[in-house]
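J.: Line by line, the protein sequences are chains A and B. Using our numbering, the first residue of the first sequence is number 1, and each one after it goes up by one. Using our numbering, the first residue of the second sequence is number 1, and each one after it goes up by one.
Please keep in mind that the hints were generated in silico from the structure rather than gathered at the bench. Don't be surprised by glycine CBs; every beta carbon is placed ideally from N, CA and C. Be careful, since some hints might not be right.
[Stated by the list, open to error] Which bits of chain B does chain A cover? Going by a derived footprint, with three or more residues having C-beta under 8 Å, they are:
1. 4-16
2. 20-32
3. 80-87
4. 106-113
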Amino acid sequence: MTKPTQRIADLPAYLSHELRNALACIHQFGNILVDGLAGKLTGEQREYVSIILENASKIRSVLDTALDGVAPAASKIRTKI
Amino acid sequence: MPNKKILIVDDDRDVQQGMNLRLKANQYDTCLAGDAFSGVAEARRSEPDLILLDLGMPAGGGFLVMERLKMIPSLAVIPVIVVSARHGLENQKRALESGAKAFLQKPVDDDQLLAVIRQTLGEPARMKKPALCNQGVV
Numbered sequence: 001m002t003k004p005t006q007r008i009a010d011l012p013a014y015l016s017h018e019l020r021n022a023l024a025c026i027h028q029f030g031n032i033l034v035d036g037l038a039g040k041l042t043g044e045q046r047e048y049v050s051i052i053l054e055n056a057s058k059i060r061s062v063l064d065t066a067l068d069g070v071a072p073a074a075s076k077i078r079t080k081i
Numbered sequence: 001m002p003n004k005k006i007l008i009v010d011d012d013r014d015v016q017q018g019m020n021l022r023l024k025a026n027q028y029d030t031c032l033a034g035d036a037f038s039g040v041a042e043a044r045r046s047e048p049d050l051i052l053l054d055l056g057m058p059a060g061g062g063f064l065v066m067e068r069l070k071m072i073p074s075l076a077v078i079p080v081i082v083v084s085a086r087h088g089l090e091n092q093k094r095a096l097e098s099g100a101k102a103f104l105q106k107p108v109d110d111d112q113l114l115a116v117i118r119q120t121l122g123e124p125a126r127m128k129k130p131a132l133c134n135q136g137v138v
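Given these sequences and hints, build the entire structure.
T.: What follows is the structure, encoded as structure tokens:
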């Protein structure tokens, strides 16, 4: 497999690993803050953290859709070569 | 009754810390490992009630950890829940075939993670999340 082709084939796995771990951290620590496990937040602070969490969920949704679309194609590239 | 002990095996320190905080806030004791090799070693040392296992890690990865655990009779009985950033049904299928009780994809909803842990440990369902508290969790 040529290097560029290998990169294309590996891209979904790489993106999934890197972005999902980063999103996991945003969700985990955002919820830790919202749940008051690191101290009580003001109403305004809770609202801002909730906005962060909502947008992290949007990114997750986009990532799921994108990876569902490209992962089978990447798998085919790997199989062909 | 003593708290149940959960071993978190994940090479991402931030993910590890987040899970650790959440589990401690829900009355679980925890122990940590950051790669496949130390995951097996820590399982031997601490004999946890359950293992939360990442798949993509240095020194072999999660599948190797499950293989090694199976070879040690005292550890083979410990239930494993895979919590992975890997995409696709292939990994889920392989994890379950390798003996995992459940496969959860990151980012995992806290309620879902706790529900699966309780179900795996045979504990009754509790309220979704601990009540708001002012003190930090250590």
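J.: All hints are to be evaluated individually against the structure, with a verdict given for each.
T.: Here's how the hints hold up against the structure:
Coverage of the region 4-16 of chain B by chain A holds in this model, with 3 residues showing a Cβ closer than 8 Å to a Cβ of that chain against a need of three. Under the rule that three or more residues need a Cβ within less than 8 Å of chain A, the assignment of the region 20-32 of chain B holds, with 3 such residues. Counting residues of the region 80-87 of chain B whose C-beta sits closer than 8 Å to any C-beta of chain A gives 3, which meets the bar of three, so the coverage hint holds. For the region 106-113 of chain B, the stated coverage by chain A holds: 5 residues have a C-beta nearer than 8 Å to a C-beta of that chain, and at least 3 were required.
This entry satisfies every hint, going by the numbered hints stated previously.
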